[in-house]
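2 protein chains.
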Amino acid sequence: MHIYSELLELFLAYLKNENLVQAPENLYEPYDYIMHLGGKRMRPILCLMGYELFSDESVKESTLPYNLAMAVEVFHNFSLVHDDVMDEAPLRRGKETVHQKYNINTAILSGDLMLVKAYDYLAQTSDKYLPKALRVFNKTAAEVCDGQQYDMDFEERSDVSIAEYLTMIELKTSVLVGASLQLGAIAAGASEIDAQNLYDFGKNIGISFQLQDDVLDTFGNAEKFGKKVGGDIIQNKKTFLILKAYENGNPDQVAALSELMSSKPSDEGQKIEAVKSLLEQLNIRQDTELLMAQYYDKAFAALGNIDLDDERKKPLVAIVKKLMFREQ
Amino acid sequence: MHIYSELLELFLAYLKNENLVQAPENLYEPYDYIMHLGGKRMRPILCLMGYELFSDESVKESTLPYNLAMAVEVFHNFSLVHDDVMDEAPLRRGKETVHQKYNINTAILSGDLMLVKAYDYLAQTSDKYLPKALRVFNKTAAEVCDGQQYDMDFEERSDVSIAEYLTMIELKTSVLVGASLQLGAIAAGASEIDAQNLYDFGKNIGISFQLQDDVLDTFGNAEKFGKKVGGDIIQNKKTFLILKAYENGNPDQVAALSELMSSKPSDEGQKIEAVKSLLEQLNIRQDTELLMAQYYDKAFAALGNIDLDDERKKPLVAIVKKLMFREQ
Numbered sequence: 001m002h003i004y005s006e007l008l009e010l011f012l013a014y015l016k017n018e019n020l021v022q023a024p025e026n027l028y029e030p031y032d033y034i035m036h037l038g039g040k041r042m043r044p045i046l047c048l049m050g051y052e053l054f055s056d057e058s059v060k061e062s063t064l065p066y067n068l069a070m071a072v073e074v075f076h077n078f079s080l081v082h083d084d085v086m087d088e089a090p091l092r093r094g095k096e097t098v099h100q101k102y103n104i105n106t107a108i109l110s111g112d113l114m115l116v117k118a119y120d121y122l123a124q125t126s127d128k129y130l131p132k133a134l135r136v137f138n139k140t141a142a143e144v145c146d147g148q149q150y151d152m153d154f155e156e157r158s159d160v161s162i163a164e165y166l167t168m169i170e171l172k173t174s175v176l177v178g179a180s181l182q183l184g185a186i187a188a189g190a191s192e193i194d195a196q197n198l199y200d201f202g203k204n205i206g207i208s209f210q211l212q213d214d215v216l217d218t219f220g221n222a223e224k225f226g227k228k229v230g231g232d233i234i235q236n237k238k239t240f241l242i243l244k245a246y247e248n249g250n251p252d253q254v255a256a257l258s259e260l261m262s263s264k265p266s267d268e269g270q271k272i273e274a275v276k277s278l279l280e281q282l283n284i285r286q287d288t289e290l291l292m293a294q295y296y297d298k299a300f301a302a303l304g305n306i307d308l309d310d311e312r313k314k315p316l317v318a319i320v321k322k323l324m325f326r327e328q
Numbered sequence: 001m002h003i004y005s006e007l008l009e010l011f012l013a014y015l016k017n018e019n020l021v022q023a024p025e026n027l028y029e030p031y032d033y034i035m036h037l038g039g040k041r042m043r044p045i046l047c048l049m050g051y052e053l054f055s056d057e058s059v060k061e062s063t064l065p066y067n068l069a070m071a072v073e074v075f076h077n078f079s080l081v082h083d084d085v086m087d088e089a090p091l092r093r094g095k096e097t098v099h100q101k102y103n104i105n106t107a108i109l110s111g112d113l114m115l116v117k118a119y120d121y122l123a124q125t126s127d128k129y130l131p132k133a134l135r136v137f138n139k140t141a142a143e144v145c146d147g148q149q150y151d152m153d154f155e156e157r158s159d160v161s162i163a164e165y166l167t168m169i170e171l172k173t174s175v176l177v178g179a180s181l182q183l184g185a186i187a188a189g190a191s192e193i194d195a196q197n198l199y200d201f202g203k204n205i206g207i208s209f210q211l212q213d214d215v216l217d218t219f220g221n222a223e224k225f226g227k228k229v230g231g232d233i234i235q236n237k238k239t240f241l242i243l244k245a246y247e248n249g250n251p252d253q254v255a256a257l258s259e260l261m262s263s264k265p266s267d268e269g270q271k272i273e274a275v276k277s278l279l280e281q282l283n284i285r286q287d288t289e290l291l292m293a294q295y296y297d298k299a300f301a302a303l304g305n306i307d308l309d310d311e312r313k314k315p316l317v318a319i320v321k322k323l324m325f326r327e328q
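Going down the list, the protein sequences come from chains A and B.
Anchor point for the first sequence: position 11 equals 11 in the working numbering, and the numbering is continuous, going up by one each time.
Anchor point for the second sequence: position 13 equals 13 in the working numbering, and the numbering is continuous, going up by one each time.
Derived by calculation from the structure, the hints in this document are not laboratory data.
Be careful, since some hints might not be right.
Heads up, the list lumps identical chains together, so a pair's fine if it works in one copy or across two of them.
[What the hints assert, rightly or not] As a list, the in silico SDA-like pairs of lysine to any residue whose alpha-carbon atoms are at most 25 Å apart:
| no. | residue 1 | residue 2 |
| --- | --- | --- |
| 1 | K237 | A23 |
| 2 | K313 | E268 |
| 3 | K238 | N105 |
| 4 | K128 | L278 |
| 5 | K238 | A23 |
| 6 | K238 | Y102 |
| 7 | K132 | G189 |
| 8 | K271 | E223 |
| 9 | K228 | R135 |
| 10 | K238 | E273 |
| 11 | K139 | P24 |
| 12 | K238 | P24 |
| 13 | K228 | H36 |
| 14 | K128 | N138 |
| 15 | K132 | A188 |
| 16 | K128 | V21 |
| 17 | K228 | F325 |
| 18 | K101 | A142 |
| 19 | K314 | M292 |
| 20 | K60 | S262 |
| 21 | K298 | N283 |
| 22 | K128 | S58 |
| 23 | K16 | K139 |
| 24 | K101 | E156 |
| 25 | K237 | Y102 |
| 26 | K139 | K321 |
Next up, chain A with everything else stripped away, as it sits in the complex (with noise of 0.2 Å):
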């Protein structure tokens, strides 16, 4: 069994060897682009990790399933390029993204070749698990794009309920981190009960993970998170601490948050710091840290139903908690 940084390596070995870039070079250039525009890998090492879990006690490095990890890389970056276009965002991991140093229309063919490629890489998986593992991807591929119209939707709607809102982030991003722990299993010929498991680990966690994020942006420590803190405040998101913060404030809280969340003020910081003051009256960060304890105990309850050695789960633990308590 490997540990994260292990799998990483390797994986960033893997990548590094694969040569991406083909005629027609307009095409192809911007897949090369944003595939080493770097990241954490979560997905792909995950989706390793989820086949050492059920292969040989001594993996070789060389039969690892890469290509299955490049899949759910590949598919991530696709859904990246296509969701900047569309929320027009100029920078990705503070670096142009695709669109901005080429053109939309590039941005546009070129995610729709990468996810094609993804099915490519998922098409070099043995015969034998080659249609449960594509069925998989294809249900967590149309649940993503279902994920980013909800969160399109939510912009234009004042009504969202924190259910609608856990479910689109379910969809948006946590269900291929479930697939990419899944997919690995089958791969690794787990049983199809293990591999749900798995996938609900997986799932869950990326729903604790988002959750975090949520309150990482609006109560983090700007050096550690590494973006600016206050962002989705200044974008009037409706995360889950606003939406929250509407479900638990007195009618003068709501109107007050209500007024704050529709301005474009002059003054970024002094509304960043006015709504943090709400949020803080109405305990919403303890509410949120408390649900994703709850979504954190379920994921965990999935891996327990696995019958393995905890030895066994341990890389994948480590790396779960240490993504998990990044910054408290």
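Take the given structure of chain A and dock chain B to it, following the hints.
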């Protein structure tokens, strides 16, 4: 063996029974909209014909591989949705394009979903044939993206060769015609070599069709063609006709054509007539029809390599001839 009109009816009945819309509706309605916009349904019908060619003498209508027919039709429509965004086209089959009716973000995301749904239909293939079908589909899908990129690249270039143009149309439109037939053949258990010959038949017929489209767009009878004649000329498209004229013309003719093809005249009819007259002087229509005949012969040579009774190939030959000689 069913003939085209019978298979069309069966496919349309199948499509009608498929419930394409689910939540979130903003994502699935555009998918439903484009899928019911009509069209000849050439690719799905060819897919069913490819199946019947190699399957039992008496295929039951209930056991036709509708899932594969849907896969190629949904994929084709996905490519139309995204191409229309890239080309800023307002109309498709006489109706509003998806981005025109909804908006660009919807067209991007619904297109993405459709690409996933195409794979979802593909995944309904029996496990025995799925890996092979998936690999054919992936190769084809990537080539269609390549073709669209070359098409966009060529708009910016003034030195496109005829060989490059032929490669572009092969990738952008013809490989999917070949793959539609091939996928049907694969699902019927055809041998590798038979499926390949059928693919070659479809691909070469597809190139021939596209060249015919170029001819009809300029020399067709407006009423029969169903589109505005001269559209390619007005859009300054570098079709085979124009590239061939550049090759065959004397310096004066090349200069005249070059000026015409970069002009935006107030009188479109005059421009169309001037270009047509130049093309006629240079016998371009005859040259194009000669090349069409070469691809057509190549296609039928490949079909001839398939060791089946001519009787059995009849419905396929009939529809290809009908499409080929639709407007002379």
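Evaluation of the provided hints:
Taking identical chains as interchangeable, the C-alpha atoms of K237 and A23 lie at most 25 Å apart only when they sit on different chains, with a minimum of 22 Å there against 40 Å within one chain. Taking CA atoms no more than 25 Å apart as the test, K313 paired with E268 passes in neither setting, with 45 Å inside one copy and 71 Å between copies. For a Cα distance limit of 25 Å, the shortest separation of K238 from N105 across copies, 20 Å, qualifies, whereas the shortest one inside one copy, 30 Å, does not. Taking the shortest Cα distances, K128 and L278 never come within 25 Å of each other, neither inside one copy (55 Å) nor across copies (60 Å).
Taking the shortest Cα distances, K238 and A23 sit within 25 Å of each other only across copies (20 Å), while inside one copy they are farther apart (42 Å). Taking the shortest Cα distances, K238 and Y102 sit within 25 Å of each other only across copies (24 Å), while inside one copy they are farther apart (31 Å). With identical chains, the CA atoms of K132 and G189 are at most 25 Å apart both within one copy (11 Å) and between copies (21 Å). Taking the shortest Cα distances, K271 and E223 sit within 25 Å of each other inside one copy (20 Å), while across copies they are farther apart (63 Å).
Within a single copy, K228 and R135 get their C-alpha atoms no closer than 38 Å, and across copies no closer than 43 Å, so neither meets the 25 Å cut-off. Within a single copy, K238 and E273 get their C-alpha atoms as close as 17 Å, which meets the 25 Å cut-off; across copies the closest is 59 Å, which misses it. In this homomeric assembly, K139 and P24 come within 25 Å of each other (Cα to Cα) only across copies, at 15 Å, whereas the closest approach inside a single copy is 31 Å. In this homomeric assembly, K238 and P24 come within 25 Å of each other (Cα to Cα) only across copies, at 18 Å, whereas the closest approach inside a single copy is 41 Å.
Taking identical chains as interchangeable, the C-alpha atoms of K228 and H36 lie at most 25 Å apart only when both belong to the same chain, with a minimum of 23 Å there against 46 Å between chains. Taking the shortest alpha-carbon separations for K128 and N138, both the intra-copy value of 17 Å and the inter-copy value of 19 Å come in at or below 25 Å. In the homo-oligomer, the alpha carbons of K132 and A188 lie at most 25 Å apart both inside one protomer (12 Å) and across protomers (21 Å), since each shortest distance falls under that limit. In this assembly of identical chains, K128 and V21 lie within 25 Å of each other by CA distance neither inside one copy nor across copies; the values are 30 Å within and 32 Å between.
Only within a single protomer do K228 and F325 lie at most 25 Å apart by alpha-carbon distance; the minimum there is 19 Å, versus 64 Å between protomers. In this homomeric assembly, K101 and A142 come within 25 Å of each other (Cα to Cα) only across copies, at 22 Å, whereas the closest approach inside a single copy is 28 Å. Taking identical chains as interchangeable, the C-alpha atoms of K314 and M292 lie at most 25 Å apart only when both belong to the same chain, with a minimum of 21 Å there against 64 Å between chains. For the identical chains of this complex, K60 and S262 are neighbours neither inside a copy (55 Å) nor across copies (61 Å), given an alpha-carbon limit of 25 Å.
For the identical chains of this complex, K298 and N283 are intra-copy neighbours only, at 23 Å inside a copy versus 74 Å across copies, given an alpha-carbon limit of 25 Å. With identical chains, the CA atoms of K128 and S58 are at most 25 Å apart within one copy only, with a shortest distance of 22 Å there and 31 Å across copies. In this assembly of identical chains, K16 and K139 lie within 25 Å of each other by CA distance solely across copies; the values are 23 Å between and 29 Å within a copy. Taking the closest pair of Cα atoms, K101 and E156 come within 25 Å of each other only across two copies (18 Å); inside a single copy the shortest separation is 28 Å, beyond that limit.
For the homomeric pair K237 and Y102, the shortest alpha-carbon distance between copies (23 Å) is at most 25 Å, but the shortest distance inside one copy (28 Å) is not. Within a single copy, K139 and K321 get their C-alpha atoms no closer than 28 Å, and across copies no closer than 40 Å, so neither meets the 25 Å cut-off.
In this structure, the earlier hints numbered 2, 4, 9, 16, 20 and 26 are contradicted, and the remaining ones agree with it.
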